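Q: Sequence lines, in order, name chains A and B.
For the first sequence, the residue numbers in my numbering are 1 to 163.
For the second sequence, the residue numbers in my numbering are 1 to 982.
Take every hint as true, because none was put in to throw you off.
DSS-like mimics (lysine-lysine), calculated; alpha carbons at most 30 Å apart, straight line:
hint	chain 1	residue 1	chain 2	residue 2
1	A	K12	B	K26
2	B	K31	A	K25
3	B	K31	B	K48
4	A	K17	B	K299
5	B	K177	B	K617
6	B	K24	A	K27
7	B	K378	B	K403
8	B	K217	A	K27
9	B	K298	A	K59
10	A	K92	A	K59
11	B	K35	A	K28
12	A	K92	A	K44
13	A	K127	B	K177
Rather than coming from a laboratory, the hints here were simulated on the basis of the structure.
Source: prediction; values computed, not measured.
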Amino acid sequence: MQFMLLFSRQGKLRLQKWYVPLSDKEKKKITRELVQTVLARKPKMCSFLEWRDLKIVYKRYASLYFCCAIEDQDNELITLEIIHRYVELLDKYFGSVCELDIIFNFEKAYFILDEFLLGGEAQETSKKNVLKAIEQADLLQEVRRLCFLKAFRGQKHFAEQYS
Amino acid sequence: MPAVSKGDGMRGLAVFISDIRNCKSKEAEIKRINKELANIRSKFKGDKALDGYSKKKYVCKLLFIFLLGHDIDFGHMEAVNLLSSNKYTEKQIGYLFISVLVNSNSELIRLINNAIKNDLSSRNPTFMCLALHCIANVGSREMAEAFAGEIPRILVAGDTMDSVKQSAALCLLRLYKTSPDLVLMGEWTSRVVHLLNDQHMGVVTAAISLITCLSQKNPDEFKTCVSLAVSRLSRIVSSASTDLQDYTYYFVPAPWLSCKLLRLLQCYPPPEDGAVKGRLVECLETILNKAQEPPKSKKVQHSNAKNAILFEAISLIIHYDSEPNLLVRACNQLGQFLQHRETNLRYLALESMCTLASSEFSHEAVKTHIETVINALKTERDVSVRQRAADLLYAMCDRSNAKQIVAEMLSYLETADYSIREEMVLKVAILAEKYAVDYSWYVDTILNLIRIAGDYVSEEVWYRVIQIVINRDDVQGYAAKTVFEALQAPACHENMVKVGGYILGEFGNLIAGDPRSSPLVQFNLLHSKFHLCSVPTRALLLSAYIKFINLFPETKSTIQEVLRSDSQIRNSDVELQQRAVEYLKLSSIASTDVLATVLEEMPPFPERESSILAKLKKKKGPGAVSVNELEEGKREGGELNGGGERGGDSSAIAASNASTPSPSADLLGLRAGPPVTAAAPSAGSLLVDVFSEAGINDDGFLRDLEPTTESSDSLLAEGPGDSDSAPPSVVSEDPTPLPESDELLNKFVCKNNGVLFENQLLQIGIKSEYRQNLGRIYLFYGNKTSVQFVTFTTTVTCPGELQSQLNVQSKPVEPLIEGGAQVQQVINIECLTDFSDAPLLNIKFRYGGALQNLTLKLPVTINKFFQPTEMASHDFFQRWKQLSQPQQEAQKIFKASHAMDTEVLKAKLLGLGMALLENVDPNPENFVCAGVIQSKAQQVGSLLRLEPNAQAQSGEQMYRLTVRSSKDTVSKRLCELLAEQF
Chain A
1 MQFMLLFSRQ GKLRLQKWYV PLSDKEKKKI TRELVQTVLA RKPKMCSFLE
51 WRDLKIVYKR YASLYFCCAI EDQDNELITL EIIHRYVELL DKYFGSVCEL
101 DIIFNFEKAY FILDEFLLGG EAQETSKKNV LKAIEQADLL QEVRRLCFLK
151 AFRGQKHFAE QYS
Chain B
1 MPAVSKGDGM RGLAVFISDI RNCKSKEAEI KRINKELANI RSKFKGDKAL
51 DGYSKKKYVC KLLFIFLLGH DIDFGHMEAV NLLSSNKYTE KQIGYLFISV
101 LVNSNSELIR LINNAIKNDL SSRNPTFMCL ALHCIANVGS REMAEAFAGE
151 IPRILVAGDT MDSVKQSAAL CLLRLYKTSP DLVLMGEWTS RVVHLLNDQH
201 MGVVTAAISL ITCLSQKNPD EFKTCVSLAV SRLSRIVSSA STDLQDYTYY
251 FVPAPWLSCK LLRLLQCYPP PEDGAVKGRL VECLETILNK AQEPPKSKKV
301 QHSNAKNAIL FEAISLIIHY DSEPNLLVRA CNQLGQFLQH RETNLRYLAL
351 ESMCTLASSE FSHEAVKTHI ETVINALKTE RDVSVRQRAA DLLYAMCDRS
401 NAKQIVAEML SYLETADYSI REEMVLKVAI LAEKYAVDYS WYVDTILNLI
451 RIAGDYVSEE VWYRVIQIVI NRDDVQGYAA KTVFEALQAP ACHENMVKVG
501 GYILGEFGNL IAGDPRSSPL VQFNLLHSKF HLCSVPTRAL LLSAYIKFIN
551 LFPETKSTIQ EVLRSDSQIR NSDVELQQRA VEYLKLSSIA STDVLATVLE
601 EMPPFPERES SILAKLKKKK GPGAVSVNEL EEGKREGGEL NGGGERGGDS
651 SAIAASNAST PSPSADLLGL RAGPPVTAAA PSAGSLLVDV FSEAGINDDG
701 FLRDLEPTTE SSDSLLAEGP GDSDSAPPSV VSEDPTPLPE SDELLNKFVC
751 KNNGVLFENQ LLQIGIKSEY RQNLGRIYLF YGNKTSVQFV TFTTTVTCPG
801 ELQSQLNVQS KPVEPLIEGG AQVQQVINIE CLTDFSDAPL LNIKFRYGGA
851 LQNLTLKLPV TINKFFQPTE MASHDFFQRW KQLSQPQQEA QKIFKASHAM
901 DTEVLKAKLL GLGMALLENV DPNPENFVCA GVIQSKAQQV GSLLRLEPNA
951 QAQSGEQMYR LTVRSSKDTV SKRLCELLAE QF
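Next comes chain A alone, as it looks inside the complex:
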């Protein structure tokens, strides 16, 4: 995988992970172009498209688009399930994850992604093992409850998209 982008329906970038070296300028250009392309697509369209010499695999969960760029020989369907597994991980960690969780805890979203994918390849596909790694890390830190966060709730959860 060359990169993964998460963006909202309004086109706001929520997470970006690059597995190939690119300049900031290129990253911004790619992001702009792809967000535009993907948002322009209709709901029933297929989840794959050719873009430059890459294949784009994307899926929408509630208000967020998850979008991966893979290379020619890579498998589209398994990439789609990479996205889904990542959503599951976020959901399990945050408990009914929604876009706000990712906005306010963006660093956690990155940490979870790093446990799951490294260098653009699946590192650990077991949900249990990934969460274990994250929780171990959480145990190592001083616990300060973030009580007001849930006050932002009311957003649609990704999990509703599960079916």
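Mind docking chain B on chain A? Use the hints.
A: Okay, now just chain B, sitting in the frame of chain A:
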């Protein structure tokens, strides 16, 4: 699991984020951010030392600001400080910041690497993982230098925790991708391969990505992975859906690992060991069987995971291309998907079938789905799916269904999305040509193409139709009639006017008997379009008009009147004006005989690979997305291929060279050679003669045409003796070339253009074109200083026996080159017979009083006179055998001096000038080429075989090069030249 209790509660951060979210405008957001940046800056600069928590919070805020898209120019140091914190979360934020905002500040890199080193040796697995993640995320060369040696050790050590192994494997993969030279597996290879046997599925999942990448580059070293992968796959495929516990995903056992195993196997040919192969075939059959079983879950995740494995298995089956039974089963399975309700599956089935179509075993099976695919092209709502359908139709097309497929593609074009039109046009054009049985169908198709999608018809397409019409006299009358009819349309595309102008100019006489298309009618029809056309098309039409004067003397006065009109003869465009003036003169002065000779029908074009195909290949190639980029790509490709550059000087010469009927110049400028050269051997040589005759008859005429004759004078066809200047190549002593001149010569074996030489004073650029046994070199001498060069002279000599092998003529060059200026020199070359040495170029000039004297080798090598020869496998080997005398073969085994990149190798071989033959050598890694060297005395057929060995026993990358040709000296010389190229 409790809902978010685990936030480490950076309250300040949350408040800041919600402030940003509440900003109503971009300005407000920027204001809030600037306020925050000022705050953080003052905190970092303040006298009070910050505690770890605050530092973490501020670094995290900076990160957030950066991710919003704003620039961050401070905080790096604080982030680096966090790396050495003992608190996990502080360290973690520090690493995240570094990963996202790496800075090539060398001081910082040293500090970061230090912190990483400490964490790697901490033996604390969570710290080790963080450090490895950081290396994998940054993946810079500096990090590879620092850690590429250490990580393999961590990966294979017996006491490394599983999670650390996983990170180490992928970290190494990333470093290998950025700096393959620094990651040396060597002694670890076998232990890395054996990670495929690891008990921990996560370790296998991570390690296999690394192994796959390494296997692609060093297949021999890693080939033991095949049997391990097969047995691992077999265990997974045969396991019950619950056996693998958490590695089962929606009732599918280990889908990611299965896909990666199947992918790894695609790096190798089918296993030779019968037992392994049997087991693998069994796995593949099981996967195909499972696809037919009812789903264990209705969830899309279940079917996706299952089908992901299925598609990967099908890719492997296609890769092996040796099991007809599996191929046909795969095809049937994909056939079912073609009508699946899931768009994704339809898309993938179309994509996968494209590759199946090219296998001889499944081509027929794919063809049975033609109606479904045509239907998809018509009814799919998603353009990306339609694109796949069009690709598949193209792939499954053969002589039996070409008419149907081309017709469907044409009708689709009328409504096709703009994004895919150009590619569709190319495909239709290629299919029409490839499978044309009768050429009237071909002409109809292309004209339809122009009518329907004229804007998307690139030059290559209409050049090609003209080439074909000119080369086949059975279709010329039909073409003239059809194009005449097409031009009747009130609004017709400019490309149609171009084709029409050209074809009627050449073959209008074939339909002139019909009063409805009498010469004047034809002319008026063409001329009615004239004012709507762009300058190049008008120029083409003017040439068509002069051809009309020759074909139909009765149109002469009408056309002369048109040429004489102010809008032509005083046209502000120089090219149009010049054509009008010259054609008018030509038509009024030259006798009918002269006219008939000058304006004779174009001779047939040499057969060559369709330039359209080349264009499509480029289009499909990486990065080629927009038309502009394509054009650029074409130009670059052209240079490497040996010459065809349409821009710059050569086209300028072509433009001023009005004496060559210039539509031909346009046409020939395709790919094989620039316009001037291309037109030379036939039309050009005639023209030169004609003008010298005209000169006798009428001095004024010749004087008028002075600038023109000069440029036509430089045509290759001109006999190398009648240059008006004394041949400057008569020099008594042979100067000694610079020591590096051989190296410089080698640079130009596979390319024709570039910088030949450069020092502090002088830069010499070179551009060269070759055709048959003739060549022309343009040298550009650039004065790099601000002081003029005086008494600048150059001489070209042929040392020793080269004198009788090459005929070299150079024009004298300006003796004075101003500071910063450039002068050009043209050198014409004729190859009399094969040769081994290179001509010497001696340059003398004075710079600030000091005499400069240097001698170079002019990069004229025997391969420049190659004509590529396409042939099928059978013919190739037959000829190979015919050249079996020991002296006819030359062979060299040598170390690779560049990376073995297939595309680069191909480009070089193409640049060599021979035809690169596909599907000839049984081993797809090998390259074979064929070509004929053209010299005046004889033609020398040559065959070449290049066998790369990426992993020779010595561990070096080696090549074996074998050249056979009908002449021993040629084999030997080619072998020497080429051994320096790879």
